[in-house]
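Going down the list, the sequences are from chains A and B.
Counting in this note's numbering, the first sequence runs from 1 upward without gaps.
Counting in this note's numbering, the second sequence runs from 271 upward without gaps.
There could be a bad hint or two in this list.
Taking lysine to aspartate or glutamate pairs in the EDC-like style, the calculated list, with each CA pair at most 20 Å apart, reads [what the hints assert, rightly or not]:
| no. | chain 1 | residue 1 | chain 2 | residue 2 |
| --- | --- | --- | --- | --- |
| 1 | A | Lys27 | B | Glu358 |
| 2 | A | Lys27 | A | Glu39 |
| 3 | A | Lys27 | B | Glu405 |
Cβ-Cβ distance ranges computed for the label pairs, FRET-style [said to hold, decoys possible]:
| no. | chain 1 | residue 1 | chain 2 | residue 2 | range |
| --- | --- | --- | --- | --- | --- |
| 4 | A | Ala65 | B | Trp429 | 44 to 54 Å |
| 5 | B | Arg349 | A | Pro24 | 43 to 53 Å |
| 6 | B | Leu414 | A | Tyr111 | 52 to 62 Å |
| 7 | B | Ala301 | A | Ser62 | 13 to 23 Å |
Hints were generated in silico from the structure; no laboratory data involved.
As the structure is a computational prediction, the values presented were derived from the model and not from experiment.
All residues carry an ideal CB built from backbone N, CA and C; glycine is no exception.
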Amino acid sequence: MTVTTRPLEAAPGASLARLAGSTPFVKLAAGVVLLLLWEFGVRAWAPAYVARPSGVIAVLPSVVASRDFLAAAAATLGSVIEGLAIALVFGIGVGIAMGRSFVVDRLIRYYVFGLFAMPMVAILPLITLWFGYTDAARLATTVFAAFFSLALNAADGARAVPTEYLEVGRSFRAQRLRVLCDIVLPASMPYLLAGIRLAAARALIGAVVAEFFISVNGLGFFILFNSRSFRHNQAIVAVIVLAGCGAGFEALVNWVTHRYFPWYRRDEKR
Amino acid sequence: MSRRALGWLITGAGIAAGAAVWEIAGRSVGAAFVAPLSDTIAAITPAIWRALGSSLVLFATGFSLSVAIGVPLGLLLARVRLLRVALESYISVLNATPMAALIPFILSMMGFDFAPKVLVVFLFAVFPILYNTVEGARSIRPELIEVARSFRSSERALWRDVLLPYVLPFALTGIRQAIGRALVGMVASEFFLSASGIGMVLQSASQSIDTAAVFAAILLVTLLGVFLMELGLWVERRYAAWRNIQ
Numbered sequence: 001m002t003v004t005t006r007p008l009e010a011a012p013g014a015s016l017a018r019l020a021g022s023t024p025f026v027k028l029a030a031g032v033v034l035l036l037l038w039e040f041g042v043r044a045w046a047p048a049y050v051a052r053p054s055g056v057i058a059v060l061p062s063v064v065a066s067r068d069f070l071a072a073a074a075a076t077l078g079s080v081i082e083g084l085a086i087a088l089v090f091g092i093g094v095g096i097a098m099g100r101s102f103v104v105d106r107l108i109r110y111y112v113f114g115l116f117a118m119p120m121v122a123i124l125p126l127i128t129l130w131f132g133y134t135d136a137a138r139l140a141t142t143v144f145a146a147f148f149s150l151a152l153n154a155a156d157g158a159r160a161v162p163t164e165y166l167e168v169g170r171s172f173r174a175q176r177l178r179v180l181c182d183i184v185l186p187a188s189m190p191y192l193l194a195g196i197r198l199a200a201a202r203a204l205i206g207a208v209v210a211e212f213f214i215s216v217n218g219l220g221f222f223i224l225f226n227s228r229s230f231r232h233n234q235a236i237v238a239v240i241v242l243a244g245c246g247a248g249f250e251a252l253v254n255w256v257t258h259r260y261f262p263w264y265r266r267d268e269k270r
Numbered sequence: 271m272s273r274r275a276l277g278w279l280i281t282g283a284g285i286a287a288g289a290a291v292w293e294i295a296g297r298s299v300g301a302a303f304v305a306p307l308s309d310t311i312a313a314i315t316p317a318i319w320r321a322l323g324s325s326l327v328l329f330a331t332g333f334s335l336s337v338a339i340g341v342p343l344g345l346l347l348a349r350v351r352l353l354r355v356a357l358e359s360y361i362s363v364l365n366a367t368p369m370a371a372l373i374p375f376i377l378s379m380m381g382f383d384f385a386p387k388v389l390v391v392f393l394f395a396v397f398p399i400l401y402n403t404v405e406g407a408r409s410i411r412p413e414l415i416e417v418a419r420s421f422r423s424s425e426r427a428l429w430r431d432v433l434l435p436y437v438l439p440f441a442l443t444g445i446r447q448a449i450g451r452a453l454v455g456m457v458a459s460e461f462f463l464s465a466s467g468i469g470m471v472l473q474s475a476s477q478s479i480d481t482a483a484v485f486a487a488i489l490l491v492t493l494l495g496v497f498l499m500e501l502g503l504w505v506e507r508r509y510a511a512w513r514n515i516q
């Protein structure tokens, strides 16, 4: 935590001024101001059904305790995690093959980059054609959303392995598979973590959009259903949970990176 | 043969092989599931180009709005430390929030029009820009500003010679990331708000099981995405060369 201590102002009795300058206090105050702006902005200008903080707080306990909401949250998050896991296995495989093999890289790079650049929402009509209006369609969307950023980041990581590491491996006559598992994979971990962070965000968007599109039970559908019946306060609770998951996952990955790969500092590429 | 030429040869072979697999898959699985490449290309009609054009207008409006608001706001946060400390956590939470979740609210409050769709594209795109600009602002070494101050640099010179050159590359990274997000926002808003552009083509073609048209629309929107992302990468390399983007 960075606390602004200005020696000149730290005169006796200035502890209140110091509190006002401390980071957590400033953040908290800003949060309160934002919530107040939201509350009174809605009261002044928006129709009564529009969500506002006091209304959200009032419905929060009943929504969070309701079985529908819990089932929806479990469905969406379960599908995101499952999709991430599948994409992780295949993404690491494809990415490392691209990063370590010149031929593989040149063969598929344009397809992988093209599918990465494609807005994933666009394939929803195709996915419903292939998988029907089912849970499987949502899972396919999350896998698709997550796969390409994982593969591209894994490829970057595998490419960036220092040559000395590989030379040491060769000097000890390590087998190719051992080199991949024991040198390349650990050395590209920080890149993979960056890829996981991006992939998780994309998978979350993919799951929500898929639920809008195919109307399977989940947080996205919960939002759609409640906002259509003008219960915005209830719907906002689901948005808060989604935001919490996105931010929480990002914080977790950042923490792991700082904790276990403190030397790693790279500008975000994708 | 040089390695470079070999690389292009392999790339060409890869693209040709992919096209062949696509064609064969389409012919063997059945055209209702996978339209062969030849059918897909035949399905690129002037109507689809027009739809792409109207989508592009939506993209351009929302995206330029997010740049016009995101970059100056980010720069302001770079200079005013109190504001940055107050808002940066909220910006990073919003950046991690799937903005798609807000589409139903926008629909019920603003209805079917061009403006709500622009708002969706804007919301998808603005937070990566703000987030990256603030990240840049946070990493400014205080010594840089202190040295400028010691030499009695004016506020204007401080902006021109220290803040802008330092923060702009970060903003460019954010702008590049925002391109991908804005494209997702574009298609999503065309699906879920009033149907228009490439989103409408996709939806109506899939309802009438016109798989070739679905593939054609996806192909065009993918090419658009590749082009815009390459453009973003090029701009970033050109103007942020000292940040070493491969």
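> Is A/Lys27 within 20 Å of B/Glu358, Cα to Cα?
Replying inline: holds (8 Å)
>> Assuming the hint says 43 to 53 Å, is it satisfied by the Cβ distance from B/Arg349 to A/Pro24 or not?
In response: With a Cβ separation near 22 Å, B/Arg349 and A/Pro24 fall outside 43 to 53 Å, so the hint is violated.
>> Within 44 to 54 Å: is that where the Cβ-Cβ distance between A/Ala65 and B/Trp429 falls?
In response: Holds, since A/Ala65 and B/Trp429 (Cβ atoms, about 52 Å apart) stay within the stated range.
> Does the structure keep A/Lys27 and A/Glu39 at a Cα separation of 20 Å or less?
Replying inline: holds (18 Å)
> Taking the CB of B/Leu414 and the CB of A/Tyr111, does the distance hold inside 52 to 62 Å?
Replying inline: violated (43 Å)
> B/Ala301 and A/Ser62, beta-carbon distance inside 13 to 23 Å?
Replying inline: violated (50 Å)
>> Run the distance test for A/Lys27 versus B/Glu405: straight-line Cα separation, threshold 20 Å.
In response: With a Cα-Cα distance of about 16 Å, the restraint between A/Lys27 and B/Glu405 holds, given a limit of 20 Å.
Violated hints, listed in ascending order, are 5, 6 and 7; each of the other numbered hints is respected by the structure.
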